[in-house]
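Chemist: Here's the letter readout for the chains.
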Amino acid sequence: MSDTVKLIIDGKEITASSEDTILLAAEKNGIEIPNLCYLKEMSPYGACGMCVVEAEGSPKLLRACSAKVAEGMVINTMGERALKARKIALELIMGDHKGDCIGPCKLNCPAHTDCQKYVKEISDGDYEGAVRTIKDVIPLPASIGRVCPHPCETACRRQFVEEPISIAYLKAFAADEILKSGKHIIPEKKASTGKTVAIIGGGPAGLSAAVKLAENGHSVSVYDKMPKMGGMLRYGIPEYRLPKKVLDAEIAEIEMLGVKMVNNITIGKDITLSEIREKYDAVLIANGAWKSSSIRCPGEDLEGVFGGIDFLRAVALGESPAIGKKTAIVGGGNTAMDACRTAVRLGAEEVSIIYRRTRDEMPAEDIEIEEAMEEGVNFRFLTNPAEIIGKDGKVCAVKLQVMKLGEPDEKGRRSPVPVEGEFITLELDSIIIAAGQKNDPAGFEDIATTKWGTISADEITYATSLLGVFAAGDTTNSGASIAIKAIAEANEAAKFIDAYLEGIEIPYKKAVISEIDPTEDMFTEYEKYPRIRMPQRAPEDRRNDFTEINLGLTPEEAKAEAKRCLSCGCHDYGHCKLIKYADSYCTDCKRLKGEYHEGFKETRLEVIARDQHKCILCGLCVRTCEEIAKKGILGLVGRGFDTVIRPEFRNTDIASICASCKKCAQVCPTGALRIL
Amino acid sequence: MCENCGNSDLSLLNDIFAKMAENGDNLITVLQKAQEIYGYLPTDVLYEIAEKTGASPAKVIGVATFYTQFRLKKVGKYLILLCKGTACHVNGADGIEKAICEELKIKDGDTTEDGLFSLKTVACLGCCSLSPVMMINEETYGSLTPARTVEILREIRRREEA
Amino acid sequence: MRIVIGEGSCGIAAGASKVHERLSLALKDTDINIGIAGCIGMCFLEPIIDIYDGKLLLKRLVRVSPDSAEEIAEALKNNDLSALDKLEISESDSVFLKKQTRIALRRCGLIDPESIDAYTSDGGYTALKKVLTEMSPEDVIEEIKISGLAGRGGAGFPTWFKWNAARRSQGEEKYLICNADEGDPGAFMDRAVIESDPHTLIEGMLIGAYAIGAQNAYVYVRAEYPLAIVRLQKAINEATEKGYLGKNILGTDFSCFLKIKAGAGAFVCGEETALIESLEGKRGMPRLKPPFPAEKGYENKPSNINNVETFANVSWIIENGGKAFSAMGTENSKGTKVFALTGKIKRGGLVEIPMGLTLREVIYDIGGGIRDDKEFKAVQLGGPSGGCIPKELLDTVIDYKALSATGAIMGSGGMVVMDEGTCMVNMARFFLDFTTKESCGKCVHCRIGTKRMFEILTRITEGNGKDGDIELLEELCDGIRSGALCGLGQTAPNPVLTTIKYFRNEYEAHINEKRCPAGECAALRTYVIDKDKCKGCTLCAKKCPVNAISGTVKEAHIIDTDKCIKCGQCKDVCRFGAVEVR
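Chains as they are written, first to last, in numbering that gives the first Met the number 0: chain A, 0 to 675; chain B, 0 to 161; chain C, 0 to 581.
Pulled out of the complex, with its shape left as it was, chain A reads as follows (with noise of 0.2 Å):
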C-alpha cells in the first residue's frame, strides 16, 4: 500500500515510500541526520532532539525520526535553526553528562601521551604495548620517565582516593624492561618523501620533531652544537637521575630510524642558518635555553660564581669546577636541586640553598626537595642575596638579605618582601646562580623575536618570520620550561612541518571533550592502596657518588602500581556518537553545567558496567532490552530531572536472567555502559 513520493532534502531531489520517515528516506539517500535516541530496527522515540530539521513552509522543526516523507516536501537538514537546536540540545545533554572523555593524566600531559593506556598495559604485563603507546608521543621514554615532573600525576583522579598513580616511573620501568631486554622497539617509516629537514638542536624537542620527520619519510638531519646528543637532559640533568647510558641507548634507537647526527656544529659559525635554508625544504629550531640568566646582584663578575646550568654543563663534560668547600647555591628550582645535589657529589662540605619564598612556593619537586635535604644540602628559606662580597676578585661571602611573605595578591600569591634591614652574611667559595636560563639568539638574527628575546613562533603551527622555518621547545615564546613541553611543541611542529612540505593545510580545531570537576566524595567507592615508593638508595651512600639514585621497579611492584589506575577516560571516546556531534555543533560545551543528574555504577548484570554518570537517557538500552531481547530488565526508574536507568529492583538473580546478549551496551551512544 505505500506509493512513491518526490522530496527534497538538503537540494537533493529524492524518491522515497510514503511509508518512509525522513530520516530514512535520507539516510537511503546518503544524508546522515544526527541522532541519538533512534534505532532503525525501533519504533522512534523523540527523546534527544537531534534528528530536528527544517521544512518549507512548516514553522515548526520536524523530528525527522517520526515525520514521514511527503510528496513535495523540501527538507534542509543543516538549516541555522536546525543547528542552533541541535547546539542547545547538546549543550544540554553535554551539561548533565558527568564524565571524561579523555583521562586527566594524558589530557594535563602537554604532549598527550596516553598514560591510561600504558599503565593498563604495563598492569596487563604488556611492556612492549606499553613503550611503543609512549614512543608514539615521546623518543626516549627511559630517560624522561626518570626526569620528568609529570603533570599527569598532579592531574591524577586517584590522589582523591590517597595518591596519584606513580605514572612517570612507570613509564621509566616499562621502557628499562624493554632495553634490558635488547629489543628496539623503532617505529614503521612511510615511503621516501625526496624531502629534507634540518633540525637544529639535539634536545628533547629535537630529537622528538626528528623521529616524527623521519617516520613520515623525510630526511632528517640533527645538528647540534655540543660533543653529543641529548641536550639539556644529557648536559642540564645530573648523571645520579639519567644514566647517560640509558640516553645513549635510546638516541642509538633513533638513529636506527636513520635520523643523521651532526654533532660539534654551532649555528653562525660553522654554518649559518641561511645555507643550513638553502640546503633543506625545511628547518626546525630548537636549539633550547642554555644560557644562566642573571640575578642582577652585586658581584655577579667574581670569580666562584657560576650559572647554574653552566656549572651542571661543566660536569657533565667530565670538568671539575672549582666550588671549594663552601658553596650556596641561588634558586627554588629543579636545576637549583640538581646543582647542590651535584656540589654535594663533588665533596663540597657546606652546601646552601639560598631562596627567597619559603618552602612551598619551592617550584621544585617535593622528591627533589626531600632528597636534597636527606643528602645534606642546607636550606636558607626567605633569603635573598644582596651582594656577593669578593676578596682579591674571588668570592668569599654573600650577603643575605632577610625577606618575609607579603600580603596574599588578587590570585592569592604572597610574594616576598625585604625585611628591612636585617641582612645575614655568609661565608662562602664559590656561589651557583640557579635562578633561570635563557636562549641564545646567536646566529638566528634574521628571525623576529618576542619581547624576551625568545624566537616567535606560531602557538599553533610553530612556524617563524622565515618561510619554512619553525622553532619549538625552551628556544621560543615563553622560554625555558620542562622537556616534555618541548617534546610537545615539536611533534605538533612536524605536524605542520610535514604538511609544509606536502603543500596542505591542517585546519586547526579544538576538540570538545567531556571533563568532570572531580570532589573527593565521587571516588569514596574505593579501596585505599597507598602508591608505591620507588626504591632508593640510601642517602649517606648515594652522596658520594654519580651512580643513580633510584633502584627501579620490580615487575610486581609495577604492575600493582598500575592496577590502581582508576581509568578515568571514557573507553568509548572515538565512538562515542555523543561527543562527535558535540564537537562538530557546540563550541562550548560546560555552558549549560548545572547540578547533575544522580549517577551511580553498577555491575550487577556482570557482563555490563552501567554508568549512570554518562546516561542521557536516550532509553535505547531500554527498549533494546525489552523489544530485541525481549528480556525488559532495564527501566525508567522515577521522573523528570531524577529519571535514571535501573536493572530491575530485585537484588537477586537479576545476572541470570539477563541473555547476556549485550545488546543495550552496543547500542548505547556514549559511554554510559561498558562491556566487561
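The set of hints was computed from the structure by calculation and includes no laboratory data. Incorrect hints may appear among the rest.
[Unchecked claim] Mimicking DSSO-like on lysine-lysine, the simulated pairs with C-alpha atoms at most 30 Å apart in a straight line are:
| id | chain 1 | residue 1 | chain 2 | residue 2 |
| --- | --- | --- | --- | --- |
| 1 | C | Lys541 | B | Lys32 |
| 2 | A | Lys592 | C | Lys436 |
| 3 | C | Lys373 | C | Lys541 |
| 4 | A | Lys630 | B | Lys72 |
| 5 | A | Lys97 | A | Lys484 |
| 6 | C | Lys541 | B | Lys106 |
| 7 | A | Lys67 | C | Lys246 |
With chain A's structure known, arrange chains B and C on it following the hints.
Modeler: For chains B and C alone, kept in the frame of chain A given last:
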C-alpha cells in the same frame, strides 16, 4: 534482601488480581488498590504485582516511581498534603511550609520520628479560593496562616496523646 | 421550604459538612428538607446555603458557620427569614454571579449532583435523546462546527475538527476520552463541574461518542479529586440504571460504556498522548506525533480526547443550536469560558463569561479588584504554560488570539491575580520549579532545560544572579520552545518569557542591585529595627537563631546585617512592629 521489602501479607492482593480482568484494571489501578491496602507499596508487593499482572518488575517500578501518588516508603498516620499551587504560592504557602517543617522538625517528603505525620507538598489541590490550603488525610484546611497551621497540628497531636 | 447546602470540595473545606450535620440535628423534627448542591463558584463566600420555596430562591446565606445552624433552624421553623438578613449575601457580592453568563456551569451549585432525577427534571439528557433520535453523527459534528466550540483544555483546537478526524479514522473500535486531569495549579473548573453536575459531562461525552462512533469512553480524573470521582461514579451508576449509558442507550442501536480511570499524580498526563500512555497503565511519557490519537490512540485505536469543560458545553449547544453558542464571543473565540479567579482578589471563585470581555471586567467588575486595596500588578493565565499579563494590558479582551498575543495563553482557565507584593522573578521561578518537578524526563530540552532555567532563576532570586543571565534565559526559552517533545516542554518557557517581557526591570534589580522590588525574595531582604518603635523587650534577640541582634534591655536593639540569615523570626516575634524589611 532489599530495602523496603517487608514481609507483607500478599494474600490481601488476591481479591485485586481476581477482579483485575473483569474491571479492566490497568497497572496503575492495581497499584492504587494495593497502596490503599498497605498504605504504601512495599517491594515484595511490587514483585507480586509484576508476577500476577505479567508486567516486568522493571516496568512496575517504573510506573510506581513515575507518579507522585505512589509511595515506596511507609508514611505517617497523618499525611499532610500541602498545596503549593499558584494561588497558594501567591497567598503564602512557603510560610505555611516553613511553619510545618519547624513544628514537626521534618522536611518535605519526610515522616516524623514518632510516625505520626508525613509531609508532602503537592502541585494543586484545586481549592484555590481557600488558599493557602492543606489536606490532612481526607480533611481539607483552608485560609491557613502559620499560626493556625501549627494549632491544627498540635490539636491532632493532643488528640493522639489523649 | 427546603434548604440546599453547597457541598463541593471548597464548601466542605470551608465547613459545609459540619454546617450540614448541625442543621440536620436542629431540623430533624421538621419537614424542612436539606439537600445538597455542588459548587456555585462563589468560593469566597463558602459555606453557602440556599433557601428555596419550591423552585424559588428565597434567600442565599453566605459564610455560614456551624455555630449559626441553630439560629438558621430557628428562623426556618418560625418561618421568619428576616432573622437571617445578616447572613444574606450582600448586594455587591451578588454582582459576582449577575455579571456571568453560564453554560458549562449552568447547573453547578443549583442541582443535587448526586441525583439523576434532579438532572433530568432540569431538562437533562434531552439533548442526548435528540441526538440519538433525530441526528446523524455528521449532523452532530456539523452543529458543533457551527457553534465554533474549541478545546477548553488550553490549546483551543476546534472540537468539530477532532471529532471529524476520529469519525473518519479507520477502525471498528474507537475510544472517547475525557481529560479531567486538571493539573494546572490554580485551575479547578473541571473539578467543580464533575462534583456539581456530573451528568452534564456524561451527556456531553455520550453525544461525542455517538458523533465519532466510539463504544467505550473513559474519564481520566486526577486522583487528587476524590469527591469528584465518587460523584461521577454515582452518576455513571445511575445513568446506567436508567438506560442512558451501556447497551442500546434509550432503546437505540447506540451503545456506550463509560469508565473512570484515576490518574496517579502527573501533570504531564494532561498532554493527550501522555494521558493515553497513563490510561494504558504505563509511565505517562508523551508519544511522538504523528501518529495523532485520532489515528492511533488508546490501545492504538482511533481515539478522541476532550476536556471536561468542552464536553460540558455540548448538550447546551445541541439543545440551543450551534448558532446560539457562536452568537456569543468574538470573531475567533466563540461561546463562553470558565475561569478560576484566585490570588489576591477580593471575590475569588469560578467565573463563566462570554468570550470578548476584558481582563479588567473580570478582575474588577466580577472579582471586585485587589484584596486589601493593594495595587494590581499582574494576572497569570494558563498556569505553567501561560504567562503573566501586566497592568498596561488589563484591557486585553478574552479571546484565544488576543491573549496569545500578550505571550500568555487562554489556558484551561486559571486566573491568578497578583499584587505589588508578588515578585515576578520568584513567580517565574515558582512555575519552573513546577515544570521541573512535573517534566516526565523523556526529552532533553524539557528534562535538562527547565532544570537549568530553574537553577538560573533560583540564583537570581537568591541574589547570585549574573550579568547575562536574562539573555541566557531567553536563549534557553527559545531552544526549549522549539526543541521540546510535547506541549508541556514547549510552553514551559512562557512564564519566564512574559515576566522578562513585562517585568525586565525586576530581573535587573535582582541581578544588578541585588534587590527584590516586591520585597518577597528572602535572600535579598534586609531586616532593620526601627529604633523609635523598639521597646527593648529583647524578645527578638532571644529568638534570633544566629545571635545577630544585640542591645540592652529597654533600649533599641540592632541587627547585624552581616550575621543575619533573613529568617524573619525577629519580625514575627516583635509585638511593636519595630522590625522592618527593606
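Chemist: Of the hints given before, which are not true for this structure?
Modeler: The structure breaks hints 1, 3 and 7; every other hint is satisfied.
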